[in-house]
Amino acid sequence: MTTLEPATDAAQDNLAALESEAIHIFREVAGEFDRPVILFSGGKDSTLLLHLAIKAFWPAPVPFPLLHVDTGHNFDEVIEFRDRVVEQHGLRLVVAKVQDWIDDGRLEERADGMRNPLQTTPLLDTISENKFDAVFGGGRRDEERARAKERIFSLRNSFGQWEPRRQRPELWNLYNGRHRPGEQVRVFPLSNWTEADVWNYIAREKVELPSIYYAHRREVYLRDGMLLAEGPWGGPRPGEEVRERTVRYRTVGDGSCTGAIESTAATVEEVIAEVSASRLTERGATRADDRMSEAAMEDRKREGYF
Amino acid sequence: MSSLLRLATAGSVDDGKSTLVGRLLYDTKSVLADQLDAVTRASVDKGLSTPDLSLLVDGLRSEREQGITIDVAYRYFATPKRSFVLADTPGHVQYTRNTVTGASTAQLAVLLVDARKGVIEQTRRHAAVLALLGVPQLVLAVNKIDLVGYDEATFTVIAEEFAAHALSLGYPRGSVLAIPVSALEGDNVASRSERTPWYTGPSLLEHLEDVPVAPDPHDSALRFPVQYVIRPRTPEYPDYRGYAGQIAAGTVRPGDEIVVLPQGIRSRVERIDTADGPLEEAGAGTSVTLLLTDDIDISRGDLIAAADAPPRVTDEITGTLCWLSSKPLKPGARVLVKHGTRTVQALVDELHARFDEQALSSVAAPASLELNDIGLVTLRLAEELGVDDYGVSPRTGAFLVIDPKDGDTLAAGLVGERFS
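Chains P and G supply the protein sequences, listed in that same order. When we follow the working numbering, the leftmost residue of the first sequence carries the number 1, and every step to the right adds one. When we follow the working numbering, the leftmost residue of the second sequence carries the number 1001, and every step to the right adds one.
Derived from the structure by calculation, the hints contain no laboratory data. Predicted, not measured: the structure shown is a model, and the values here were computed from it. It cannot be assumed that every hint is accurate.
[Claimed, not checked] Label pairs and their computed distance ranges (CB to CB):
(1) G:R1041 - P:R243: 53 to 59 Å
(2) G:E1270 - P:R35: 31 to 37 Å
(3) G:E1270 - P:G113: 36 to 42 Å
(4) P:R243 - G:T1050: 38 to 44 Å
(5) G:K1405 - P:E208: 43 to 49 Å
(6) G:T1234 - P:A111: 47 to 53 Å
(7) G:T1040 - P:G235: 46 to 52 Å
(8) G:T1318 - P:R35: 37 to 43 Å
(9) G:E1185 - P:P61: 54 to 60 Å
(10) P:D100 - G:Q1263: 48 to 54 Å
(11) P:G235 - G:S1326: 49 to 55 Å
(12) G:L1371 - P:S158: 22 to 28 Å
Heads up, the beta-carbon is just placed ideally off N, CA and C, and yes, glycines get one too.
When you get a sec, could you build the whole thing from the sequences and use the hints?
Written as structure tokens, this is what we have:
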């Protein structure tokens, strides 16, 4: 995490270099793989991915579909945004609904109600059903220390597993996308972006995001230090008091474990100012699933998560 | 001054690289409260009285268990003067390949030594790898200076020995700086220490902020590996045919005469397109789409180059290989070579020499190249490539050697003889 400052000329140069690198990565994958797909949740990182993909292939359409793993615990604003973006750019969207896996017994609801950890199976099943061989993700190395170890091209075995000791060396900008049948490559064009870069680029390019990234009034209750909204994921429990507050979201994920923060930042510029003053990382602030153990992210990545 | 510096760390195991990187992140206030809380908790669990800053960067479970770094990690920090991308690489001999990974894109390397041990075999090996890959600037961080009582004489002996080694690797004097540091205590990391009054140079961070960075090779001739052909075939753009790629070297302007390699067809640049509109000029590192005046058959893997200064087109490469795999290389092996956007089949024709990092000399014709060996090899290619010497144009002088059976990256390749 770096400190967020309003973008200077130097920072604009940096954004141009990051944009150029991401476009290069998209075109490499389009050139070398048969069936790439962009993992798209409607959150800011995947919205940025899509924006960069559109720029990489302009004036031709993006040559691959989007994949959304729908936990069923989404924010309505995000689903509305997802469908509008898909429509606007004439894209194809594949949706894997966690509920379908629960309904037919391939997955079991967890006692704590969190569905984020349940995403892995639907993700892997859908990748293999569709024979996707390259899957773009919006992961950034500054998010978490296990992610800092991730290559831009990350080879996964046929179970989608990440084995950090066996990663290929990644040299210059020569990405090696070779893989055997059944294996896939996860591709992270935003690897070298920080949260500051993401927001500065969103400001520069005027990228539209779901409205919940900006301050709004919402009924929330406090649990484990996080402000959770009411929803199909359960809660509030007895003793958890619901109050309307002015909040926004720093990340968008499963509603059962993504918390809001109290904020009056209603514009991109106000968000940049707010994040620069924050003493918490975006995940530390609002993601319960990363708090479960010392190596929560690494363990989920080994299982096949992004 | 460039606003972004890409740097890599290198050094032997237990020299304190992770602690130094943790210290840099901590002292530049790049660590936020929740990250520090997690490290403090883990340190208390291990029975430590102060936070172990190496835990900020050793991100893998087995790294924390063993207290060592296994894989390269990328870190981001910034000061008001500059942004930094840092490749934190492991020191174990068996992970030298990760030093190669980190160094391939670095503009500066921080090489650590333990002040109690001085310059050791692994220091020389890493310095040779950094020189091979053409990392232009070196910093020797003489770490744990607190454990030798902040002794000037100890520092001077190590600094002079390393300076002589760097000189013999081809580093001019101004490109190497030795700094006495204590990553644990913070001496000379972000600010100058009062405990080394005899040291008059900058702190590590001051040096990183001010060091001049070699510019991208804009002065050299145009090199543009074609990545992807953009053909919309939409009602708006029925006849659009653009060649997408990232400029590897040089500058391009509309009207420039170009040659398409390996075919050797000439044409001119009609337009430089981007999603934000056409450009008057584009330089190295920029992703653009070129439209040409003639309708010629060009596909992914072709190289567009300046017509008056093309690279040489050849079906044989003699180059230096850093062997990164535990499977040894033997003459006669069939491999793949990935150069720019083109991947071709190749045969290992001859193994001329292995480089000895200790003696800084070549050992004549070994039977094979083993993990972490550096050797001079001739490869015969099934198709022609347009190549430059790595020393002239790194982006078109670099290639990967890939195992055709499982797709593993076997070696980092550099066209030309880097050591003689």
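Here is what the structure says about each hint:
1. G:R1041 - P:R243: 53 to 59 Å: For G:R1041 and P:R243 the Cβ distance comes to about 30 Å; the hint is violated.
2. G:E1270 - P:R35: 31 to 37 Å: 33 Å, holds
3. G:E1270 - P:G113: 36 to 42 Å: The hinted range 36 to 42 Å is violated for G:E1270 and P:G113, with Cβ atoms some 59 Å apart.
4. P:R243 - G:T1050: 38 to 44 Å: Holds - the Cβ-Cβ distance for P:R243 and G:T1050, about 40 Å, lies within 38 to 44 Å.
5. G:K1405 - P:E208: 43 to 49 Å: Since G:K1405 and P:E208 have Cβ atoms about 46 Å apart, the given range 43 to 49 Å holds.
6. G:T1234 - P:A111: 47 to 53 Å: At 51 Å between Cβs, range holds.
7. G:T1040 - P:G235: 46 to 52 Å: 30 Å, violated
8. G:T1318 - P:R35: 37 to 43 Å: 38 Å, holds
9. G:E1185 - P:P61: 54 to 60 Å: Hint holds: Cβ distance 57 Å, inside 54 to 60 Å.
10. P:D100 - G:Q1263: 48 to 54 Å: 51 Å, holds
11. P:G235 - G:S1326: 49 to 55 Å: Given range 49 to 55 Å: holds, Cβ gap about 52 Å.
12. G:L1371 - P:S158: 22 to 28 Å: 27 Å, holds
When the structure is compared with the earlier hints, violations turn up for hints 1, 3 and 7 and for no others.
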